[in-house]
Amino acid sequence: NAGVTQTPKFQVLKTGQSMTLQCAQDMNHEYMSWYRQDPGMGLRLIHYSVGAGITDQGEVPNGYNVSRSTTEDFPLRLLSAAPSQTSVYFCASTQRVGTEAFFGQGTRLTVV
Amino acid sequence: ILNVEQSPQSLHVQEGDSTNFTCSFPSSNFYALHWYRWETAKSPEALFVMTLNGDEKKKGRISATLNTKEGYSYLYIKGSQPEDSATYLCALSGSARQLTFGSGTQLTVLP
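Those protein sequence lines, which keep their order, are chains A and B.
Residues are numbered in the working numbering as their position in the first sequence, beginning at 1, plus a constant of 18.
Residues are numbered in the working numbering as their position in the second sequence, beginning at 1, plus a constant of 226.
You may find that some hints are simply not true.
[What the hints assert, rightly or not] Calculated lysine to aspartate or glutamate pairs in the EDC-like style (CA-CA distance at most 20 Å, straight line): (1) B:Lys283 x A:Glu118; (2) A:Lys27 x A:Asp56; (3) B:Lys295 x B:Asp310; (4) B:Lys268 x A:Asp56; (5) B:Lys284 x B:Glu271; (6) B:Lys284 x B:Asp310; (7) A:Lys27 x B:Glu271; (8) B:Lys284 x A:Glu118; (9) B:Lys285 x B:Glu265; (10) B:Lys304 x B:Glu265; (11) B:Lys304 x B:Asp281; (12) B:Lys304 x B:Asp243; (13) B:Lys268 x A:Glu48; (14) B:Lys285 x B:Glu309; (15) B:Lys295 x B:Glu282; (16) B:Lys285 x A:Glu118; (17) B:Lys284 x B:Asp243; (18) A:Lys27 x B:Glu265; (19) B:Lys283 x B:Glu296.
[Claimed, not checked] Covered stretches of chain B (chain A as the covering partner; in silico rule of three or more C-beta atoms under 8 Å from a C-beta of chain A): (20) 257–263; (21) 271–283; (22) 299–309.
[Said to hold, decoys possible] One side of the interface only, derived from the structure: several residues of chain A facing chain B at Cβ under 7 Å: (23) Gly60; (24) Leu61; (25) Tyr66; (26) Val115; (27) Gly116; (28) Glu118; (29) Phe121; (30) Gln123; (31) Leu127.
It should be emphasised that the hints constitute simulated quantities derived from the structure, not laboratory data.
Fair warning: this is a prediction, and the values are worked out from it, not measured in the lab.
All C-beta atoms in this analysis are idealised placements derived from N, C-alpha and C, irrespective of residue type, glycine included.
Let's have the full structure, built from the sequences with the hints guiding it.
Structural data, given as structure tokens:
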């Protein structure tokens, strides 16, 4: 049982480049989300989805785009990378509200 | 945006000491309170999810309590071991269903 698979683990981008962080879960969870983790700030919600075809913004959505075409996949797109987007990104999934979240391995992104 | 506060920010204890941390949250707009353990270079892993006022949960030497009326939860570690060293995250899920995390308590257990 793979759980939540997140790729890549590391990425370096130049300012202005775009990329997609991949996230897939094989637990048939309805709810998926993307967080970024910055020193001293904990995990902040970027975007989330409560089911296929439904997405919504979190606390820090600017500069990111998401889609949820299937239950399994929830990719995060950086449209035009900026140094302020240097961070560690985590994807998570939850079966339903009030149940534990399962996290991917994280992506350490550096924008130069 | 819900405000979830954790204290202390960091903590150093000796092996064998017992310790506890606090998570504070707005008592309105509550659905569930989560605790996660996050080791360096790994992903957060769930310890407990609690929904009812007065809930108490235990896993080995770690336990947690919940007071939804006054808006706090305590996490206790009995007889701390070096392998307990990690960041402990509290998270709240409210009516909007997404999780809002506190900034965590970083625990270091000294041998």
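Status of each hint after checking the structure:
1. B:Lys283 x A:Glu118: Distance of about 14 Å is within 20 Å: holds.
2. A:Lys27 x A:Asp56: holds, 16 Å
3. B:Lys295 x B:Asp310: Given pair Lys295 (chain B), Asp310 (chain B) is violated - Cα atoms ~30 Å apart, limit 20 Å.
4. B:Lys268 x A:Asp56: holds, 15 Å
5. B:Lys284 x B:Glu271: holds, 15 Å
6. B:Lys284 x B:Asp310: holds, 15 Å
7. A:Lys27 x B:Glu271: holds, 18 Å
8. B:Lys284 x A:Glu118: Holds. Lys284 (chain B) to Glu118 (chain A) sits at ~15 Å (cutoff 20 Å).
9. B:Lys285 x B:Glu265: holds, 17 Å
10. B:Lys304 x B:Glu265: holds, 18 Å
11. B:Lys304 x B:Asp281: holds, 18 Å
12. B:Lys304 x B:Asp243: Holds, at about 7 Å.
13. B:Lys268 x A:Glu48: Judged against 20 Å, a Cα distance of about 24 Å means the pair is violated.
14. B:Lys285 x B:Glu309: holds, 15 Å
15. B:Lys295 x B:Glu282: holds, 15 Å
16. B:Lys285 x A:Glu118: With Cα atoms ~15 Å apart, Lys285 (chain B) and Glu118 (chain A) stay inside 20 Å; holds.
17. B:Lys284 x B:Asp243: Holds, at roughly 18 Å.
18. A:Lys27 x B:Glu265: With Cα atoms ~16 Å apart, Lys27 (chain A) and Glu265 (chain B) stay inside 20 Å; holds.
19. B:Lys283 x B:Glu296: Cα-Cα ~18 Å, so holds.
20. 257–263: holds (count 4)
21. 271–283: Since 4 is at least three, the answer is holds.
22. 299–309: violated (count 0)
23. Gly60: Constraint on Gly60 (chain A) satisfied, holds at 4 Å.
24. Leu61: holds, 4 Å
25. Tyr66: Cβ of Tyr66 (chain A) sits 5 Å from chain B, so the hint holds.
26. Val115: holds, 5 Å
27. Gly116: holds, 4 Å
28. Glu118: holds, 4 Å
29. Phe121: OK, holds: Phe121 (chain A) within 7 Å of chain B, min 4 Å.
30. Gln123: Gln123 (chain A) check passes; min Cβ-Cβ to chain B is 6 Å, inside 7 Å.
31. Leu127: violated, 16 Å
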